[in-house]
Amino acid sequence: GQQLNQSPQSMFIQEGEDVSMNCTSSSIFNTWLWYKQDPGEGPVLLIALYKAGELTSNGRLTAQFGITRKDSFLNISASIPSDVGIYFCAGFNAGGTSYGKLTFGQGTILTVHP
Amino acid sequence: DGGITQSPKYLFRKEGQNVTLSCEQNLNHDAMYWYRQDPGQGLRLIYYSQIVNDFQKGDIAEGYSVSREKKESFPLTVTSAQKNPTAFYLCASSPAGGGRNSPLHFGNGTRLTVT
Numbered sequence: 006g007q008q009l010n011q012s013p014q015s016m017f018i019q020e021g022e023d024v025s026m027n028c029t030s031s032s033i034f035n036t037w038l039w040y041k042q043d044p045g046e047g048p049v050l051l052i053a054l055y056k057a058g059e060l061t062s063n064g065r066l067t068a069q070f071g072i073t074r075k076d077s078f079l080n081i082s083a084s085i086p087s088d089v090g091i092y093f094c095a096g097f098n099a100g101g102t103s104y105g106k107l108t109f110g111q112g113t114i115l116t117v118h119p
Numbered sequence: 105d106g107g108i109t110q111s112p113k114y115l116f117r118k119e120g121q122n123v124t125l126s127c128e129q130n131l132n133h134d135a136m137y138w139y140r141q142d143p144g145q146g147l148r149l150i151y152y153s154q155i156v157n158d159f160q161k162g163d164i165a166e167g168y169s170v171s172r173e174k175k176e177s178f179p180l181t182v183t184s185a186q187k188n189p190t191a192f193y194l195c196a197s198s199p200a201g202g203g204r205n206s207p208l209h210f211g212n213g214t215r216l217t218v219t
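Residue numbers (this note's numbering), protein chains in the order written: chain E, 6 to 119; chain B, 105 to 219.
The set of hints was computed from the structure by calculation and includes no laboratory data. None of these values were measured; they are calculated from a predicted model. All C-beta atoms, glycine included, are put in the ideal place defined by N, C-alpha and C. Hints are supplied without guarantee of correctness; some may be wrong.
[What the hints assert, rightly or not] Below 25 Å or equal to it, Euclidean Cα-Cα: the simulated DMTMM-like pairs (lysine to aspartate or glutamate) are:
id, chain 1, residue 1, chain 2, residue 2
1, E, LYS106, B, ASP142
2, E, LYS106, E, ASP43
3, B, LYS113, B, GLU173
4, B, LYS113, E, GLU46
5, E, LYS106, B, GLU128
6, E, LYS106, E, GLU46
7, E, LYS56, E, ASP76
8, E, LYS106, B, GLU166
9, E, LYS106, B, GLU173
10, B, LYS175, B, ASP158
[As the list claims (entries may be wrong)] Facing chain B, from chain E, some residues (calculated, C-beta under 7 Å):
id, residue
11, LEU38
12, GLU46
13, GLY47
14, PRO48
15, LEU50
16, ALA53
17, PHE109
18, GLY110
[As the list claims (entries may be wrong)] Distance windows between CB atoms, simulated:
id, chain 1, residue 1, chain 2, residue 2, range
19, B, LYS118, E, PHE17, 36 to 42 Å
20, E, SER25, B, SER184, 42 to 48 Å
21, E, TYR55, B, THR217, 34 to 40 Å
22, B, VAL156, E, GLY45, 27 to 33 Å
23, E, SER82, B, THR219, 43 to 49 Å
24, E, SER82, B, THR183, 44 to 50 Å
25, E, GLU46, B, ASN122, 24 to 30 Å
Take the sequences, apply the hints, and build the full model.
Below, the structure written as structure tokens:
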């Protein structure tokens with residue numbers, strides 16, 4: 006199956022720094038999602054994007070749906086220790102036969118040093 | 105509280121044995137999914153079910169089987185035919201329609217180790 010290219014694979018930052026990560030695809034999606042996974046737990050939805058060009062915020066998190074519909078970006082401002090975890094992007098095409106089948110990126114492992 | 109429950113959290117099996125992972129949801133969701141997670145890789149879809157008594161193969165279904173006899177339950181059996189069964193398995197569910205307001209909700213996973 007297709008995969009998304011997510012980068013960077015890992016990040017080591019100091020508390021208070023801003024973080025950026027992105028996802029690119031060879032295929033178009035009409036929905037982009039960003040999830041966070043804490044160690045030993047399931048991913049939790051952070052932000053959902055439904056329209057090309059859309060910019061959505063959730064607290065210190067901001068995500069954008071790329072104009073080409075083949076990419077998405079996630080920014081975290083003023084990072085804190087609890088931001089540690091794995092961040093996944095996921096794309097899917099709502100409706101039709103895809104029926105909620107998500108395609109996931111490989112994940113970005115974020116480490117925040119106090 | 106509504107949610108998805110996966111059990112057990114950790115599972116150990118000998119090579120050659122079949123093992124069944126449990127997934128139960130009380131969110132009244134129609135669709136349920138099984139994903140496999142390996143280090144350094146994204147989640148890969150094993151099987152999914154849109155409705156009771158119906159399920160479809162995902163991208164890596166070989167060596168796995170599922171059933172959907174009840175709306176709330178979607179157990180996954182890892183058979184001896186699966187070449188590399190050791191992994192973290194995640195169950196998810198979503199409301200009907202698979203549309204824009206139907207993002208996946210995940211359980212907390214089962215870590216299977218086969219030796």
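*Looking at the structure, which of the earlier hints fail to hold?*
none
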